[in-house]
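Colleague: Protein chains in written order, with this note's numbering: chain A, 2 to 148; chain B, 3 to 322; chain C, 153 to 352; chain D, 61 to 697.
Keep in mind that the hints were calculated from the coordinates and are not lab data.
One should not assume that every hint holds.
With a cut-off of at most 30 Å between alpha-carbon atoms, the simulated BS3-like pairs for lysine-lysine come out as follows [claimed, not checked]:
#, chain 1, residue 1, chain 2, residue 2
1, A, 143, B, 239
2, D, 632, A, 143
3, A, 5, B, 161
4, D, 632, A, 141
5, C, 313, A, 48
6, A, 138, B, 239
Okay, the calculated beta carbon distance ranges per label pair [as the list claims (entries may be wrong)]:
#, chain 1, residue 1, chain 2, residue 2, range
7, B, 221, A, 68, 20 to 30 Å
8, C, 259, B, 267, 53 to 63 Å
9, D, 120, B, 267, 45 to 55 Å
None of these values were measured; they are calculated from a predicted model.
Cβ atoms here follow ideal geometry from the backbone N, Cα and C, with glycine treated the same way.
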Amino acid sequence: MFKKLIDNAAAKSPWLFHINAGSCNGCDIELVAVLTPRYDAERLGFKLAGTPRHADIVVVSGPVTVQSKDRVLRTIEQVPDPKVIVTLGSCPRSCNVFKGSYSVAGPLDKYVPIDVSIAGCAPKPEAIIDGLALAAKILKEKREAMK
Amino acid sequence: MEFTDILIYAVYILIFPGALFTCLFGLWLAGVDRKVVARMQKRKGPPISQPAWDFLKLCGKETVIPAHAARGVYLAAPYIGLASLIVTVLFIPLGGLQAFSTGADTVVILYLLTIPTLAMIFGGSASGSPFAGVGASRTMVSIMAYELPFILVILAVGKGMTPDGYYFTFSLEQITNVQSVFGPNIFDWRLLPAAVAMLLVIPCEVGQHPFDVGEAETEICEGPLVEYSGKPLAVFKLSHAIKMFVMTALFCALFLGGITTGMLWLDVVLALCFCTAVTLVSMTLLNAISARWRVEQLFKFFWTVVSGLALASLLLVWFC
Amino acid sequence: MLPFIKEAVEQLFSKPSTEAYPAVDVPAAPGYRGRIVFHADKCISCGMCERVCAGGAISTTSEETEEGTLITRRFFLGSCTFCASCADFCVKNAIELTTDYHMVARDESELVVTGTYLKKKPVKKAAPAVEESACTVKARDDGLPVNDPNRCVYCTLCAKKCPAGAITVDRKEKIWKLDEDKCIGCGTCHEVCPKKCIIM
Amino acid sequence: MTYDVYMHFPVIAIMTFFVGAFIVTLCGSKEKIRNVVAGLAVLIPLTLLALLIKPVMVDGEIIVYWMGNWEPVEGYAIGIAIEVDALSLFFGLLVAIAVALSGFYSFQYIRQDDARGSYFTLYLMLSGGVMGIVLSGDLFNIYVMLEVMTFAAVGLTAFRTWNPNAREAAFKYLTVGSVGSTCALLGIALVYAQCHTLNLAQISAILPDNMTPTMVLAFALLFAGFGCKSFMFPFHPLAADAHGAAPSSVSVLISGVFTKTGVYGIIRVCYFLFRTMGNEAVQVLLIVIGCISMFVCVTMALNQHDFKRLLAFHSISQIGYILTSLGLCTALGVAGGLYHAINHTLFKGLLFLTAGSVLYATGTTYLEKLGGLARKMPKTTILFLVGAFSISGIPPFNGFYSKWMIYQATFEKSAETGNIFYALVTVVCVVTSVMTLASFVKVGHSVFFGQLRPELEGAKDPPLGMRVPMWIMAALCAFSGLFPNIMLDYVIVPAVNAVYNVIPYIDTAMGADYAATHLTSYMPLMNGQLSVIGAWSPLSWLLLFAIALAAVLLVSLLGRSNRSVTCVEDSKHAVFFGGEQAEYSHAAGGDLFWGFKHNLRHYLGYMSRVHTGVTNDYMVWALTALAVIIAYCFAFI
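Okay, chain A solo, but in the shape it has when bound (with noise of 0.2 Å):
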């Protein structure tokens, strides 16, 4: 009993940890824009972590810049599992507009697995809740798949 209960509270509160690696910021504003009054994701049980430590959810929006990389996956590999990594816009899924770029290694899905791609540039808050809410649900199923 106390197992489906664990099972169904990792559904109920993800807590983002988010990373930029490398973004112009619209991303970074829209996901903070869903925690505003109007959309408050926190009504759905999403907060924001301070560290790493604390997440579920990695929520990495820009391209994974040179600079960037080894920060990005030390980051993601510190984060306990479960844990669900989202690619918030279209850079860090693919580079957009800086493919190419000598100093771009992106994108993310080079380096780890990517549970969930939001695509937009920069994605409505709507989709990001979206987004976040099959997160969680991949969240559910990788704590049931533990053990």
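Starting from the known structure of chain A, fit chains B, C and D onto it as the hints suggest.
Modeller: Same frame as chain A, now just chains B, C and D:
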């Protein structure tokens, strides 16, 4: 000791008002706090059960122990903090229901309340993270900040004046008894500044928003908790919720005690309602309307304004 | 402090301004550029969209069949900046950006919009005719551009790129006009013309 | 065991130390024999004094031993007396425990030093001197022992002669300490001129009735003299230097034992010889000095960067607690002060020994050069935490109980007198207590937690010989915190009774009815009843805590634990550093408590400017203090 006595004590310690009830009520208070903050900010807010879900979720997470950590202290700290909080609850009279009359002493509670914070400080600094070091340092400064007004409040309440004359006591039981005869302390105008000071001490001791310099998640990655994950973190979050209950219950015992209806269970329910109300007034309102303070602002505020209020109360009680 | 407290307490007893989003769908504002829809039947395979795409989201694959070339255009939303250049440049309005913003995927394929159409094999004879008509216009002496109406598809790109605004193109009437007073003879139109029909 | 047998115990206890010191010197460099002799020399007095607990503490007997059987004739005591009442035995036991544990610790600890032969000679001389002071019944004898003790302590402070700080500290100690000794000698001379006797009991019987100006001066001089020995404010700066520079095992004695002789002297002078304690001016003097000592020294301690200097300032701060509590002149106050005295010896001894272990393992006590030792020295860390929690008054350790008694006593005193001053003393005590906690958080974080310095990889726990004395001290800390009733019944209450009831002491020494004939207007200074206005029962708390902890742990172990542990430092198990590769970055020592220091920067800056470290300045302080105390005594007594 009879078997039934042991049973009653077991119920006291483990169920009501001990471990189980404390945890549940603490989580409820935390949930109410989050909900009402959200509503005050014109948001819908999370369901009241949200802290409970957070707790359960953290229980199911992996516990990563940093390679640098002093493992024993790192893992033991949260559990020691939680257990000492639960025991502290047993010492605070709750609407006339006092599980263990021995040890119901304001000074003892003042010291017992530092144990959970201390557990967090040492647990955090055992993790070996520099953020935790800064967080531990800041948390210690906030302890230093609130301790001065806190003891002044305790002395002001401890020396109350009744129509018969003075009384001097550190015993919560006696404070409650006096109030049941002469009405709650909060209606005594001389103790009003002390009550306001106490309302400001509560969020600082709990580590609630404007005064959560030690756990600032945006500046120092939640300070002492930065490396914690999984169950130990869950226990810390639970302790934080229980602290709200302990502090508000202490406030009720000091300022809102002695209101009796004749039925014990009704008194207890009433006391719990008071606890919730105090949470809303002292923590939620401040949380909703203010941004986090800098650590030196906090220290200055507590050693000047809040201590001044408490001292004013002490002087009023002494000389009026 | 007091005004803040007043505000907080007032809000406590008023309706929250939160949208009930996942439960109630909220339409995007008009003019929102969301998911791309590709009307494959309208495409004339001018390749404009692929050229102007900033994010490199559009790719084309072709397959030779008996009836002609089977052309598949693939729009990868995960690489799209939703700038609408492609739609803008499409002569045939074959590309459309809708207001649908639900673009969330677990798998890459969910973010791909494709459209396939058959490009019939051109009639063999027509080809030389085009070659011939290449010579119909001669370059002017004063160095200003001249348009070859036989090859021009009236894509308006020259008009858009002209720094002086000297060129006006009417797609419907198929008129290409140069304001000689404005033209500075920079040659941008010549450079950008996809059909290389502007001669200088 | 009859009186005839155990009446010899105190004198044997004192002599064992001196004889031991002599034999140790003869042993030369034969380490084994030397250790055996020194071990016996510290164990025998402990055993003898422990045997005296039953007759003195429980049965309330007072032992008088006349050296050479020179008993008083016709009401005049000519011979030298050794007189042991509960108060003397209380301090004697304190000394014996600290000396024995620290002595055993030294066997291993000073292996790293040269000149090991003279160490134990001086060590046993120091112990003998202290023991002589607390057990003596003769004022001049006390002075002689005071000098023996001081010079042995100076020698031991300069024991590490390669360390220039040690030499400097010893010099400061010598000069400022001699002010104290001189004051005491002058005071004794004046008393002798007035009373024509040096026997404590006889002076106490005939002195209080004739407080002439000469006696006021004698009182002021003796007060300042013993105050100097207890390093109270403003004699405190040399204590910091001396404790910091001496070997840790000696610091235990200087801070835990040596300063207690000053406290003992002040009790004897104020409560016993002159009985001026009933005078409110003397109470205020003692309380104000105590409060200033505790607050100034704790803020100085927060500023320190050296583990041992920090501990040294804390000793004075704790002495401040003891003096404040004694100055209240109530039964609860005296009990709290004495309880704190024994607790201070235990926890400060423990802390100095852990500091010694850190020094032994790493070669430094500088806070900025240490860090992360908890992984290398787990046992020392636990011992340190016990000591730190005890001194900061974290329940249920012993520091809490005595501090709690002091709070009760001060608040109760303010209730009795209706004076708000005493309530503010309570506030100062609590604030000092929380600052003590803060400075030990600083030490814990800087030395034992945080990141391990790369160069400390090789550090490891000290050998068993050093750990056992520390464990015993830790166990005593826990014991006296958890069983305060046993401590109160068997140790504190008899000592408190001895403080406020002087008649038996006089009568035992001088013959029955001596007090009644000479002390015509005798009134006990205070009510002997211990009354408390709150409640605290550490044992029941511990029981509840254990149950709650068990319940919490049980629930947490029910679920499957999925811990991820490794000693390999891969990126998952590295600390979060904002995504950067973890590098050495340990916020420690002076970097902590910025918000606090920033707000008090003017005060703290002033304090560190004033503590110049120049011997001349400290001499000026000492002489000013002496002048102020004399003037105060003439003005108000």
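Colleague: So, for every hint listed, does it hold in this structure?
Modeller: Each hint, compared with the structure:
no.	hint	verdict
1	143/A to 239/B	holds, 23 Å
2	632/D to 143/A	holds, 19 Å
3	5/A to 161/B	violated, 53 Å
4	632/D to 141/A	holds, 22 Å
5	313/C to 48/A	violated, 47 Å
6	138/A to 239/B	holds, 24 Å
7	221/B to 68/A: 20 to 30 Å	holds, 23 Å
8	259/C to 267/B: 53 to 63 Å	holds, 57 Å
9	120/D to 267/B: 45 to 55 Å	holds, 53 Å
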